[in-house]
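J.: Dock chain one against chain two, each of which comes alone in its own frame, and use the hints as you go.
In order, the protein sequence lines correspond to chains H and C. For the first sequence, our numbering assigns the number 1 to the initial residue and increments by one for each residue that follows. For the second sequence, our numbering assigns the number 1 to the initial residue and increments by one for each residue that follows.
Warning: the hint list may mix true and false statements.
[To be verified] One side only, chain H facing chain C, incomplete, derived with CB under 8 Å: (1) PHE17; (2) ASN113; (3) ALA125; (4) PHE162.
In case anyone wonders, no lab produced these hints; they're calculated from the structure. None of the values given here were measured: they were computed from a predicted structure. Built from N, CA and C at the ideal position, the CB exists for glycine as well.
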Amino acid sequence: MASIPKLLEISGLRVAFPGEAGPVEVIHDLDLAVSAGETLALVGESGSGKSVTSLAVTRLLDYAGGRITQGRMNYVDRAGTSHDLARIAADEMRTLRGPEIAMIFQEPMTSLNPVLRVGEQIAEAVMLHQGLSEAEALEEARRLLERVRIADAPRQLQRYPFELSGGMRQRVMIALALSCRPRLLIADEPTTALDVTVQAQVLRLLRQLQAESGMAMIFITHDMGVVAELADRVAVMRLGQKVEEGGVEEIFARPQHPYTKALLAAVPVLGALSGETLPRAFDIEGVVSAPQDTVRADAAPVLEIHDLTTRFPVRRNFRLRAQVHAVEHVSLSVQPGETLSLVGESGCGKSTTGRSIIRLEQPNSGEIRLEGADISHLTRTSEATLHRDVQFVFQDPFASLNPRLTIGFSIAEPMLTHNIAKGAEAERRVHELLREVGLTPEHAQRYPHELSGGQRQRVCIARALASSPKLIIADEAVAALDVSIRAQVVNLLMGLQRRLGLAMIFISHDMAVVERVSHRVAVMYLGQIVEIGPRQAVFNNPGHAYTARLLAAVPIPDPAQRNRAMAFDDSEVPSPLRALDDPPIVAPLVQIGPDHFVARHSVGGRY
Amino acid sequence: MLAYLLKRLGGTIPVLVAVSIFVFGFVHALPGDPARLEAGPEATPADIEAIRVDMGLDGPIWSQYTRWLGHTLQGELGRSTKTRQPVARVIGERFMPTLWLTVISMIWATIAGIAIGVLSGIKRGKWQDKAGMVIAISGVSFPSFWLGLLLIDLFSVRLGWLPTGGYEGWQSFVMPAFTLGIGVAAVMARFTRSAFVEVAQADFVRTARMKGLSDGVVAWKHTLRNAMIPVITLTGLQFGFLLGGAIVVETVFSWPGLGRLLVDSVSFRDYPVIQAEIMLFSIEFVLINLAVDLLYALANPEIRLQ
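Pulled out of the complex, with its shape left as it was, chain C reads as follows (with noise of 0.2 Å):
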C-alpha cells in the first residue's frame, strides 16, 4: 500500500509541473509590466530597469519560470498589488476559513446525501423514495444566495437566534454549512440512489439475501459498499469544487474565504494572488484525486491488489 501511495504521489509532479507552466504563463500572456506595477507610480525609469534586473525579467522566459518556481516552492509568492501584504499570509488567513467551511459542509451533506439515496434505493418506488427524491430535487434547485437570504431573515432577523455572517463561533458556521451543503447533499441522494439501485440487481445481492440475511444486512454490508464507488469520485469532485472557495454563500454571509478572495482579487487585477489562488486551487485538486484513487483502492479489493 505505501508503495502505491508513493507512486501515485510522483505521479501527481508531471501534472503539478504543467499547472505551473500554465499559470506562469497566464500572468505572463496578460498585458502590463511587472516591474512597472512592481516598483509603484512615482518611479523613474531608472529604477524600473533596477527592479527589473532586480526580479529577473531581463533573462530569457525559461529563467523567468525556474526563479518564479523557486519562489513559489519556498513560498514566496510576491506582494499583493491591493494591500502590499505578502501573498503568502493574504492566502493563508482565508484559506482556513474555507476549508472548515467546506469540510463541514461536506460532512454532514454526505451524511445526509447517502442516507437518503439508500433509503430511496431501499424503498424504490414507494412514498418514502418519492419524498426523498424530492427533497433532493429541492435540494439542487434552490439557488443560494435566495436560500441563504431566507435563512438570514428567519433565523438572525425575525428569531435572533443566530449571527447573520462573520466567522465567529460555531453558531456563524450554521447557516453558511447548511446552504452550502444542500446542493451536495440533493446531487449526492440522487447519485447514491441510482448507484444503489443498479447494485440492487446484482447476482450477489441476491445471494446474500438467500443467506437469510435481514434487508438491513444486504443494503448497508452487501449492496451499499460496491455502489460506494461511483459516490467516492463523485464526493471528491465536490470536495474539490467546494475549496475553491463558494463565492455566493461567501458574499452572503460575509465569510472570509477564498471565494471572497477570489473575487477581490479579480475585480482589483491582484495578479499575484489570483495567481497563487489558481496554483491552490490546482493543487488541492490533484491531492483530492489521489486521495479518490486510494480510496477507490480501499474499497475495491481488485484494484488494491493489482
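If we strip away everything but chain H, and leave its shape as in the complex, we get (with noise of 0.2 Å):
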C-alpha cells in the first residue's frame, strides 16, 4: 500500500454515553481513516453509531452529553501539526472547527438561525476565522452563495432562513461550512430531507466543490444509491462496529460480510423491473418473489374521484388573499386489487390529495365515488362507511401511536367506533391481525415506546387492518424507515394486498420503491396530475418532461454508473401560491398509449 499521508486517524475509538445503570458504549473500538482529497462514506442504519462518530470527529459530542472513553484521533493540519482529537483541549479545538473541519447536518430546515440574516450567518465565521472586516465578509458570502449556485446572491444575503426553500437552506449550509475553505468536511445525511431533485443538485455540487479545492469528505448516510454517486471508500457501520470497509466498487461488487450483502440487497434499484409489467416483492432472504397479479379489472372501482380541487386560503387583514392550489382538477380511480401510486416532491399536492379523499382537508370542488356511492357530501352513514372502508398510514409511526395506549387498544379502537367486534371478539382480533402483520399476540400489551420503528409501523398497518377497509391510503409509509426494514414492510403490504385484495393509493417521493408496489403510477406537479399510466409505460417511456427529470435525478446504487451524463437543471419548483385573479391553466390529458395519459398544456410555465 502507498503511504499516503492520512489527514485524520482513529483508532480504537470509544464512545459512551450516561444512563441510567452507568455510562452505555455506543462506539466499539472503531478504526478509521481518510487521506486529503478523498471521500468515505459511512453507511449504516439508525444506531449504527455513525453519527456518534461525526459528534466525536468534531467534538460536538462534548455539547451532546458523550464521552470519549478510549482511542486516537490523529488530525494533521494545514501547517503539519498533529493533533489528538480524543484528548484536545476544547479552546484548540475550537480553532479547528471552521478552517480545518466543517460538517453539513441533516435538517437544513432547523440548522440556520431563524432570527438572523442567511449573510450575517455566513459573515459571521468569515470575520472570525479570516480577520475581514464586516464590509469584506459579507462581500465574501456573497461570492460563496454564488459559488453554491444560489441565484441573485446579493439579495438573498438579506433575507432569512424562512424565506428560503429547503434546498437553499442547504446550499447556504453548504456555503456556511466552506466559507473557512476546509480541509475535511463532514456532511451528515445532508440529503435525506430533501426532494430526489434537489438533492442530485446538492450532491453534484458537493463533488464540484471538492474536485474545486481537494478537501477530504466523510460522508455519512443511509443511502447506497448516494454512497454509488460520491464515495471512493465505503465503511459500514452496525451497533457501533466497523463491519467492513473497502474501495467503493469493492464493496457494490463483492461485498464480504453478511450485514452488507443484506443492505445491498435490500435497496430498491431503480429500473429493476423494467421488463416486467406487474409490480412484484423484494427478494429477501433468497426467497424469490411472484408477480403481484391482483387487480380485478372487471370489478367495479373501490374508489373514483373527479376534478377534486382542494385549494388554501391565505388570508391577510381578514381578506382572502391568495390561494395555495394544493390540489387542481385531480381525476382518477383504483380498483380492487391495484396499486395506484401518487408521486412528486414536497408541496406537489400528493398527500393533500390522500388527505382529500379522507377528509382530513375538505375540498372545494369535485366528485368522490367509494364503490360507486357519491360521498362528495357527507351525511352521518356515507362519513361512517368511508371511515371504515378507507384507512390511513402516516409517516411517522412514532409520531402516529398514542403514546399511553397499549398497542392492543390502538389496533381495537377502530373496531369499537365502527361496532365491529368487541370484547373477547376484538381480543381474537387484534391477536390474528398483529399475527397478519408479522407481530406477535404478545406485542398487544406493550407501549409504542418499546418497539422499533419498523414494529410500530407495522402496528399501524395493522391498526388500518382492523375495520376491514377496502382501500388503504399509505402516505410516506416506509420513508421513515431503515433500508432493510423498509423492504420488509412494503413486502408486508404487498403480501395484504394478496391474501385480502385490497386496493391501495400508495404515496412516496422514491421512485424506486413505486416501481416495486404500483401497478400504475400517477405524477404530480403543482397540484396536478402530470402523467398518469401504467407504472411499466410510465417509468419505461415517460410522456412528460417533469416525469424524466424526476426519474433521472434517483441516485443509481451501482459506482460504474456514476459518471452517466445527466439533463440537470438548478432551478426551483414554482409556488402553489396564486393571486385570486389568476387561477392555473387545467385541461384535459391527452392520452398516449393504452391507459397512458400525459399533460400536454403548460403547468406552472415551465412545463
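T.: The following block contains the structure:
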C-alpha cells in the first residue's frame, strides 16, 4: 500500500453516553482513516453509531453529553501539526472548527438561526477565522453563495432562513461550511430531508466543490444510491462497530460481510422491474417473489375521484388574498387489488390528495365515489362508511400512535368505534391482526416506546386493517424506515394485498419503491396530475418532461454508472401560491398509450 | 413597520370599548344612587332630581354611557367621594410614584433575572446552575411583607442607612424596588433558564458551535435571542401586573402609589376612583400587550415580515 499521509486517523475509538445503570458504550473500538481529497462514506442504519462518530470527530459530542472513553483521533492540520482530537483542549478544538473541519447537517430547515440574516450567519464565520472586516466578509459571503449556485446572491444575503426553500437552505449550509476553506468536510445525511431533484443538485455541487478544493469528505448516509454516486471508500457500520471497509467498487461488487450483503440486497434499484409489467415484492433472504397479479379489472372501481380541487386560503387582514392550489382538478380511480402510486416532490399535492379523500382536508369541489356511492357531501352514514372502508397509514409511526395506550387498544379502537367487534371477539381479532402483520399476540400488551420503528409501522398497518377496509392510503408509510426494514414493510403491504385483495393508494417520493409496488403511477406537479398510466409505461417511456426529470434524479446504487450524463438544472419548483384572479391552466390529459395519459398544456410555466 | 404599528393601534380600540362598557356596567349595577351621593346628605329630593337631570341620569342607558364616555375621554372623571377632589388629579398624583417604582424594579429584575437564567442555562447541572436556582426559588418564596420588614429593620432601624418609607430621594427607592423586583427576577430567571436550555439543544446552535465560535458568542448571540421570545411575554405580563400598584409593598413602605389608593378607595367605596383605576389598568395592559407584540416583531423577523 502506498502511504499517502492520512488527514484523519481514528484508532480504537470508544464513545459512551451516560445511562441509568452507568455509561453505555455506543462506539466500540472503531478504526477509520481518511486522506486528503478522498470521500469516505460511513454507511449504516439507525443506531449504527455513524452520527456519533461525526460528533466525536468534531467534539460536538461534549455538548451532547457523550464521552470519549478510549482511543486516538489523529488529525494533521494545514501547518503539518498533529492533534489528537480525543484529548484536545476545548479552546484548541474551537480553532480547528471552521478552517480545518467543517460540517453539514441533515436538517437544513432547523440548522440555520431563524433570527439572523443569511449573510450575517456566513460572514460571522469568515470574520472570525480570516480576520476580515464586516463589509469584506459580506462580500465573501456573496461570493460563496454564488459558488453554491444560488441565484441573485446579493439579495439572498439580506434574507432570513424562513424565506428560503429547503434546497436553498442546504446550499447556504454548504456555503457556510466551505466559508473557511476546510480541509475535512463532514456531511451527516445532508440530502436525506431533500427531494430527489434537489438531492441530485446538492450531490453534484458537493462533488464539484470537492474537485475544486481538494478537501477530504466524510459522508454519512443510509442511502446506498448516494454512496455509489459519491464515495471513494465505504465503511459499513452496525451497532457501533465497523463491519466492513473497502473501495466503493469492491463493496458494491463483492461485499464480504453478511450485513453488507443484506443491506445491498434491500436497496431498491430503480429499473429493476423495467422488463416486467406487474409489480413484484423484494427478494428477501433468498425468497424470490412472484408477480403481483391482483388487479380485478372487471370489477367496479373501489374509488373514483373526479375533478377534485383543494385550495388553502391565504388571508391577510381578514381578507382572502391568495390561494395555495394544493390539488387542482385531480381525477383518478382505483380498482380492487390495485396499487396506484402518487409521486412527486414536496408541495406537489400528493399528500393533500390523500387527505382530501378521507376528509382530513375539506376539498373545495369535485366528486368522490366510494364503490359507486357519491360521498362528496358527507352524511352521518356515508361518513361512517368512508372511515371504515378507507384507512390511512401515516409517515411517522411514532407520532401516529398514542404513547399512553397499549398497542392492543390502539388496534382495537377502530373496531369498537365502528361496532365491528367488542370484548373477547375484539381481542381475538387484535391477536389475529398482529400475526397478520408479522408481530406476535404478546405485543398487544406493550406500549409504542417499547417497539422499534419498523414494528410500530406494522402496528399502524394492523390498526388500518382492523375495520376491514377496501382501500388503504399509505402516505410515505415507509419513508422513515431503515432500508432493510423498509423492504420488509413493503413486502408486508404487498402480501396483504394478495391475501385480502386490498386496493392501495401509495403516496411516495421514492421512485425505486414505487416501481416495486405500483400497478399504475400518477405523477403530480403543482397540484395537478401531469402523467398517469401503467407503471411500466410511465417509467420506461415517460411522456412528460417532469416525469423524466424526476426519474433521472434518482441516485443509482452502482458506482460504475456514476458519471452518466444527466440533464440537470438548478431550478426550483415554482410556488403553488397564486393570486385570486390568476387560476392555473388545467386542461384534460392527452392519451399517448393504452391507459397512459399526459398533460400537454403548460403547467406552472416550466412544462 | 409604521403601517404595522398603526394597524395594531387600531386593533386596540374594540378592546378599550369593551372594557369601558364593562366598567360602566359595573358601576351602574352597584347599589346606590350616584345623584344622591353627588348631592350630599343634606339635599332635598328636589335637589337630587335636579342633579339627576344635570348628570343625565334620567336618559336611556346608552345615552348615559355615551355621555360618561365623552367625559372620560376629556379626562373628566368626576370627583372622589372621599376627598371631593377631581379623580383625574387623585390618580395623577399617585400614578408617577407607582410608575417609577415599577420601571426601576422591572429594570433591575429583568437584567438580573435574565443574567441568572442564562448563567444557569450555560452551566446546566453544575453548581452555578444549582446556586442560581436556589436564589430563584428563594426569591419567589419570600413573602414581600416579611422581606420588606426585614430590610427596614436592618437598613433603617439598625444601620440607619435608608429611610423606612415615603417617596423622597433615591434612597427611598432602594428597598421598595428591591422587594418588589425580587419575585419578578426569580420568575424571570427560571423562565429564561428553561427557554435557554431548550434553545441550546436546537440544530442551529450546533451549527454555530461548528463555526468555531466561542461559547460566549454561541450563548449570547445565537441562543439568547431565540430564547428571548417567551421571556418577552413574561416581562410584559409582569410589567402590567406591577403597574397596577403593588399593594403589599406600597403599604409596607408607605409608598403613595396606585396600589394603596385602590385599597383606600375600596374601603371607602370611592366608586369614581375605583372606576378610573380599572379603566387605567386596562389601558395599561392593552398598551403593554401592544409593546410586547412590537418587541416580538423586533425579535422574530418571521413575524415582522409577514
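J.: Each hint should be assessed against the structure and marked as holding or not.
T.: Checked hints:
Taken as an interface hint, PHE17(H) does not check out: its beta carbon lies about 15 Å from the nearest beta carbon of chain C, beyond 8 Å. Residue-level restraint check for ASN113(H) holds (minimum Cβ-Cβ distance to chain C is 4 Å; threshold 8 Å). With 8 Å as the threshold, the beta carbon of ALA125(H) comes within range of chain C, its nearest partner Cβ sitting at about 4 Å, so the hint holds. With a cut of 8 Å, the hint placing PHE162(H) at the interface with chain C holds, because the nearest CB-to-CB distance is about 5 Å.
Against the hints set out earlier in the document, a violation occurs for number 1 only.
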